[in-house]
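Enquirer: Here the protein sequences come in this chain order: A and B.
Sequential numbering of the first sequence, starting at 1, is according to my numbering.
Sequential numbering of the second sequence, starting at 1001, is according to my numbering.
It should be emphasised that the hints constitute simulated quantities derived from the structure, not laboratory data.
The C-beta atom is built at its ideal place from N, Cα and C for all residues, glycine as well.
Take the hints with a grain of salt, since some may be wrong.
[As the list claims (entries may be wrong)] In silico contact screen, one side only, chain A against chain B (beta carbon under 10 Å); selected entries:
(1) A59
(2) G80
(3) V86
(4) G105
(5) P137
(6) L140
Listed here are the chains, written in short residue letters.
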Amino acid sequence: MSEVVQLRVEGVGRVFPGVSGRPPVTALQPTDLAIAKNDFITLLGPSGCGKSTLLRIIAGLDRPTSGRVLLDGKVVSGPGPDRGMVFQSYTLFPWLTVAENIAFGLTERGLPEAERAPVVAEFIAKVGLRGFENHLPKQLSGGMQQRVAIARALANSPDILLLDEPFGALDNQTRGLMQELLLGIWERERKTVIFVTHDIEEAVFMASRVLVMTARPGRIKADVPVDLPYPRHYTLKTSPEFSRLKALLTEEIRAEAVLAANEH
Amino acid sequence: MRPLEPVSQPMRIALGISFFVLFFTLWGAVTFSGFVPKTFLADPITMVQDGWLLLTKFNFATDIGVTVWRVVGGFVLATVVAVPIGILMGAFKPIEALLEPMVSFARYLPASAFVPLLILWAGIGEMQKLLVIFIGSVFQIILMVAVSVSNTRRDLVEAAYTLGSTPGGVVRRVLIPANSPEIAEILRLVLGWAWTYVIVAELIGSSSGIGHMIIESQALMATGQMIFGIIVIGVIGLVSDFLFKMVNRRLFAWRLA
Chain A
1 MSEVVQLRVE GVGRVFPGVS GRPPVTALQP TDLAIAKNDF ITLLGPSGCG
51 KSTLLRIIAG LDRPTSGRVL LDGKVVSGPG PDRGMVFQSY TLFPWLTVAE
101 NIAFGLTERG LPEAERAPVV AEFIAKVGLR GFENHLPKQL SGGMQQRVAI
151 ARALANSPDI LLLDEPFGAL DNQTRGLMQE LLLGIWERER KTVIFVTHDI
201 EEAVFMASRV LVMTARPGRI KADVPVDLPY PRHYTLKTSP EFSRLKALLT
251 EEIRAEAVLA ANEH
Chain B
1001 MRPLEPVSQP MRIALGISFF VLFFTLWGAV TFSGFVPKTF LADPITMVQD
1051 GWLLLTKFNF ATDIGVTVWR VVGGFVLATV VAVPIGILMG AFKPIEALLE
1101 PMVSFARYLP ASAFVPLLIL WAGIGEMQKL LVIFIGSVFQ IILMVAVSVS
1151 NTRRDLVEAA YTLGSTPGGV VRRVLIPANS PEIAEILRLV LGWAWTYVIV
1201 AELIGSSSGI GHMIIESQAL MATGQMIFGI IVIGVIGLVS DFLFKMVNRR
1251 LFAWRLA
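Looking at chain A on its own, in the form it has when it is part of the complex (with noise of 0.2 Å):
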């Protein structure tokens, strides 16, 4: 792993108005981070922590009201194809097939054609999905869904990749698979990702870092780094190593769980 910062959040909060004369909500204090570049990140907190207003202020879909993100030293002033994206809402385009889905940034680029078709191919392969090219969106599962909205955002080539708690749909062994299909990309690719969830084990079986975020207001509050061997294996999930970690995490979240759960 580089030590090349890559992105970097300087002091970036966010407030939203209050609604009709209710006071304003702070959903992010100030937040201040450095990501290197390769790192696979995972932003981990409870529902309403903020997580996912970082993440978009990353993207650029929500800007800060404090505070400004910059990817290799270039402020982001809203949302652009170096930062790839996966919601947890289902967003493909219903009207394309699963290879014009894929293909829908390269032809935004204006490539022809010939162009787009190999790297559409290439990706529908990594994702598994060879053979439904042609499909609609409608006639897939909501796994393989998620698989080519990955496929989408990667064929882009972003710098980096972000990923809105994108398998929270998902059944639970549906969600174990697509763990290893994204960290088997990822050990290949090499790209920065930024993974959002509130899954405690699937934040420390996928990261390098765990960012752990917790509510009122929103803000990081611990910093953990994951030394567990790359490529991992599903059955990482059973050693006393990922056992600690996932017992370390589970304290610093349950503190403001409970905190949160008694303000109601």
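Following the hints, put chain B in place on chain A, whose structure we already have.
Expert: Chain B alone, transformed into the frame defined by chain A:
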């Protein structure tokens, strides 16, 4: 019967037909028995005979053709103008802010009330008939298309931006394709309303068309002919609606689950 429980296809067809059987039976009963005098309501058989006479002797097919032409002409004009404006309004909020109050107001102006004015402006020729349908349809289409485009799934738009789409690209490659099925449905709906406007336009200052035939028949107290004319409109409406639905289903197969 339980709420929302589906009904089998043969049963659906049988029930649909039985309504018409019941309707004609009732109609026949009240007219043949003399319960309703012939002057006010012709019996079903007279209606069919009158219809046949209209078609064979009085060249009613031409009237039907003229009316269909007017509806389609006015409707196509309205569509060509309204759909792009609606899309722009839905996509760009300043354009919406500019036009929405005017369109919302204009939508409630009754097309039929424009007929006397339009006769003054455009005479009693074809242009006046087309304008009535145009005025009746254009504001409805604009507003409904704008609402549909406004309601486009935000996550699809965001996904397009993260894939490098420009604002123009989002309109072209997300907003328009995402809303095409809905727009086609809107057009189908408004085409139905256009039929009402054309008859109103033909009732006043017209020398051809189904509406003209109906008003002529009234002078002759020929209720059979009037009813036949009304039924012809219903049948054409039904057929065009069916065709529209079929084309939509073909074009937008991706939307069906």
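Enquirer: Each hint should be assessed against the structure and marked as holding or not.
Expert: Hints, verified against the model:
1. The beta carbon of A59 of chain A is positioned within 10 Å of a beta carbon in chain B (closest approach about 6 Å), and the interface hint is therefore held.
2. Interface restraint check for G80 of chain A: the shortest CB-CB distance to chain B comes to about 6 Å, inside 10 Å, so the restraint holds.
3. Evaluation of the V86 of chain A hint against chain B yields a held restraint, the C-beta minimum of about 9 Å falling below 10 Å.
4. Of the supplied interface hints, the one on G105 of chain A holds, with its beta-carbon coming within about 4 Å of a beta-carbon of chain B, less than 10 Å.
5. With 10 Å as the threshold, the beta carbon of P137 of chain A comes within range of chain B, its nearest partner Cβ sitting at about 8 Å, so the hint holds.
6. The beta carbon of L140 of chain A is not positioned within 10 Å of any beta carbon in chain B (closest approach about 12 Å), and the interface hint is therefore violated.
Hint 6 from the list above is the single one not met by this structure.
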